[in-house]
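From first to last, the protein sequence lines are chains A and B. Heads up: the first sequence begins at 1 in our numbering, then just goes up one per residue. Heads up: the second sequence begins at 1001 in our numbering, then just goes up one per residue.
The set of hints was computed from the structure by calculation and includes no laboratory data. Being a predicted model, the structure only gives us computed values, none of them experimental. Heads up, the beta-carbon is just placed ideally off N, CA and C, and yes, glycines get one too. Hints may be right or wrong, so weigh each one.
What the hints assert, rightly or not - Stretches of chain A that chain B covers, calculated by requiring three or more beta carbons in the stretch to come under 8 Å of a beta carbon on chain B:
{"hint": "1", "region": "241–255"}
{"hint": "2", "region": "280–293"}
To be verified - For the chain B half of the interface with chain A, some residues (derived, Cβ under 10 Å), not all of them:
{"hint": "3", "residue": "T1049"}
{"hint": "4", "residue": "N1053"}
{"hint": "5", "residue": "L1123"}
{"hint": "6", "residue": "N1130"}
{"hint": "7", "residue": "G1203"}
As the list claims (entries may be wrong) - Computed cross-link-like contacts, EDC-like style, restricted to lysine to aspartate or glutamate with a CA-CA straight-line distance of at most 16 Å:
{"hint": "8", "chain 1": "B", "residue 1": "K1135", "chain 2": "B", "residue 2": "E1009"}
{"hint": "9", "chain 1": "A", "residue 1": "K337", "chain 2": "A", "residue 2": "E372"}
{"hint": "10", "chain 1": "A", "residue 1": "K364", "chain 2": "B", "residue 2": "D1189"}
{"hint": "11", "chain 1": "B", "residue 1": "K1135", "chain 2": "A", "residue 2": "E372"}
{"hint": "12", "chain 1": "A", "residue 1": "K348", "chain 2": "A", "residue 2": "E372"}
{"hint": "13", "chain 1": "A", "residue 1": "K337", "chain 2": "A", "residue 2": "E309"}
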Amino acid sequence: MTVTTETRMLLTGNHAVAYAVMLARPAVVPVYPITPQTPILEKISDLQLAGEFEVDLMTAESEHSAMTACITASLTGARVFTATASQGLLLMHEMLHFASGARTPIVMMNVNRTVSSPWGFWPDQTDSLSQRDTGWIQYYTESAQESLDTVIQAYRVAEQVMLPTMVVHEAFYISHSLEPVIVPAQDAVDAYLPPFDPAIRLDPDIGRSWGNPVNQELYFRFREAVGGSMDTVPGLAVEADAEYGRAFGRSYGIVERYRMEEAEIAIVAFGAMAGTARVAVDALRAAGVAAGLVKVKLFRPFPIEAVREAVTGVPKLVVIERNFSPGAGGILHQELKAALCGMVGLPKVHGYMAGVGGVNVSPKRIEELTREALATEPVPQSVWRR
Amino acid sequence: MLDITAGRELVRRCIEGRPIDRSPVVLHLGPYAARLQQSSYQQVCADPTMLANSLHSAQRLFGCDGLIVLMDSTLEAEACGCDVAWHDDEPEVVSHPLAGVEPGAHSLAVEGVENQGRLAVALEAARRLNTVAGKEVALFPAVTGPVTLASHLRGPSFWADLDESPDLAYQTLEVAGQVMVRVARQYLDAGFEQLLVSDPLLGRVDATHYPQIAAVLRTLWNVADFYDAHVLLQTDVSDDSRLEGLLGLGAAGLIADGHTEADRLASGGDGHSCRIATGVSAALIEGDQGDMERVLSPLRAAGGRSGPLVACCTIPRSTPPANVHNALRILRG
């Protein structure tokens, strides 16, 4: 079925991503199956078999090979997509650095899953967050609709800055949950996302090469250039999102403030936790607690200015997250504290690692943690809360 | 020797009549906690953060086994539409929505009462305290009992009704009971393991009315049973002849304000499922420390057997903190 008009469908998060990929018209999709990402690959395959999606769907022999194929295809000027999760992402690690250094605007969907050992299949953001220094832009989404919309936006941003982009949603909470999703019309997406046509590409007739050995000075300049491009991402992401909003009626920002009026405390969260936190904020507001939510959607580059603006005037923040960096604690907690460093009227920042390993964090639990934060003083470390 | 370090466990054992090493001590620190924070009670009652922090700080200062979260009958009254005036930082009910009207089931909007006024603040502060201190300390959120609330809602007419038109008084009690159960459910839903029904005026009611009061309270006992929670009843028992009747109202325990004679209270509790607790008077905690030693020392002899639980429901704001520490020292031996 070619999406000729905007259509409302009941889709899982993973299937919503597959539709987004089809609408973005990548030419090459190298991918290797892994739970819980596999339904993305299956749906893309279904759409291809049905003749709806003209694409070179490559099944590589491993995730490492899949990413290598992505890089090469992207260097030739093809729009590229891939998807993975957990161990698969870790197996790609070497080539993730290569992809950003080679300035390939690949878009990848990562479905957050616990990393071993012990073995598990549960939602946990540590897999993607442990790749935060690889030079990939990272977006985190909280619903199937947002995943679909963000994949399309990701191409827009990635191809402007020539950096690869990872869109991330959590296993099962998002990947396998059915939600009503508005799938945009192909024409509208084509208007929003013009074909990828890089000026410089790998062409055997011209004889360019990538990835050559360089001296210290040149290496420094390459890395500095990646950093300079990264610095432009927040502004470009805001523009891309705003234009998406004008075209499709949905926009998210890179940092969202929810019910923050006169807030005495703000929950800071990303991914599916942000969706649950909305319910908790509503309940807390109903109980007379001036609580709000700051949702961090763009995690790399970390949107320092937008976050500082979002929390200005709020005396307390409580980060509730689903990841763990041994020796450092909750990763959003650490990133947030660094981003707020030196801020006038610095809020007190609590950090709770509550959903690690996929442990369900209910709205009621978020209410409890918010109350605990209101009634206690924060410590520098992130705190485990089962 | 038992090794019970958490006040929460000590209090629970005491209420359940199981062996304990010493009498647990439960304090009501509401307005006094505000004073320790150098704030007014009116001020802290308007802000759940200030209220929760003041109570938590005071609890940590004294290290009591149990804490009555906020015993203030004007909270429910205000939430039900009574006007409250403040004099010397003490709230006083000055209007009565059921005065001069038929106190039927629809005469008061009970639904949503928990979200009104300072009651919503007290609920929120209690939830926070339960989150940060509920594992160690026995927290007793206080709900206002039917007699005191009925008196607030109908004013002096309630007492006249009791003598002249008891059916009208019982209708008012019924409405007050609905409010009490609704507020209690908020606390029980928040995970509290025990409640205090504070009904200072109950002790003034003639025992002939106890069957109707017992019927109103029974709903709460049933709800608390569902949550596996204990409910204590607190009132002023200045008339000894009413003690037996009060013990028969079905609460898990009775805090008899003003009674500190341990032997008599212990014997009064015999033969009832209701555990009797003793209330340390405001005059005692504020007054001469020699008197306090004389009166409270016998209470610590409870070691090795059940009860009594010692509650201090009113600590006058002028009480030096050293007096409270001294009371705890005497009771703990």
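Hint check results:
1. 241–255: Per the Cβ count (0), the hint is violated.
2. 280–293: This one holds; 4 residues, not fewer than the three required, reach chain B with a Cβ under 8 Å.
3. T1049: holds, 6 Å
4. N1053: Check passed: Cβ of N1053 of chain B comes within 6 Å of chain A, closer than 10 Å.
5. L1123: Check passed: Cβ of L1123 of chain B comes within 7 Å of chain A, closer than 10 Å.
6. N1130: Status holds, d = 8 Å.
7. G1203: With a closest approach of 33 Å, the G1203 of chain B hint is violated.
8. B:K1135 / B:E1009: holds, 9 Å
9. A:K337 / A:E372: violated, 19 Å
10. A:K364 / B:D1189: Status holds; Cα separation ~11 Å.
11. B:K1135 / A:E372: Distance ~13 Å between K1135 of chain B and E372 of chain A Cα, so the pair holds.
12. A:K348 / A:E372: holds, 13 Å
13. A:K337 / A:E309: holds, 14 Å
Going through the hint list in order, the structure does not satisfy hints 1, 7 and 9.
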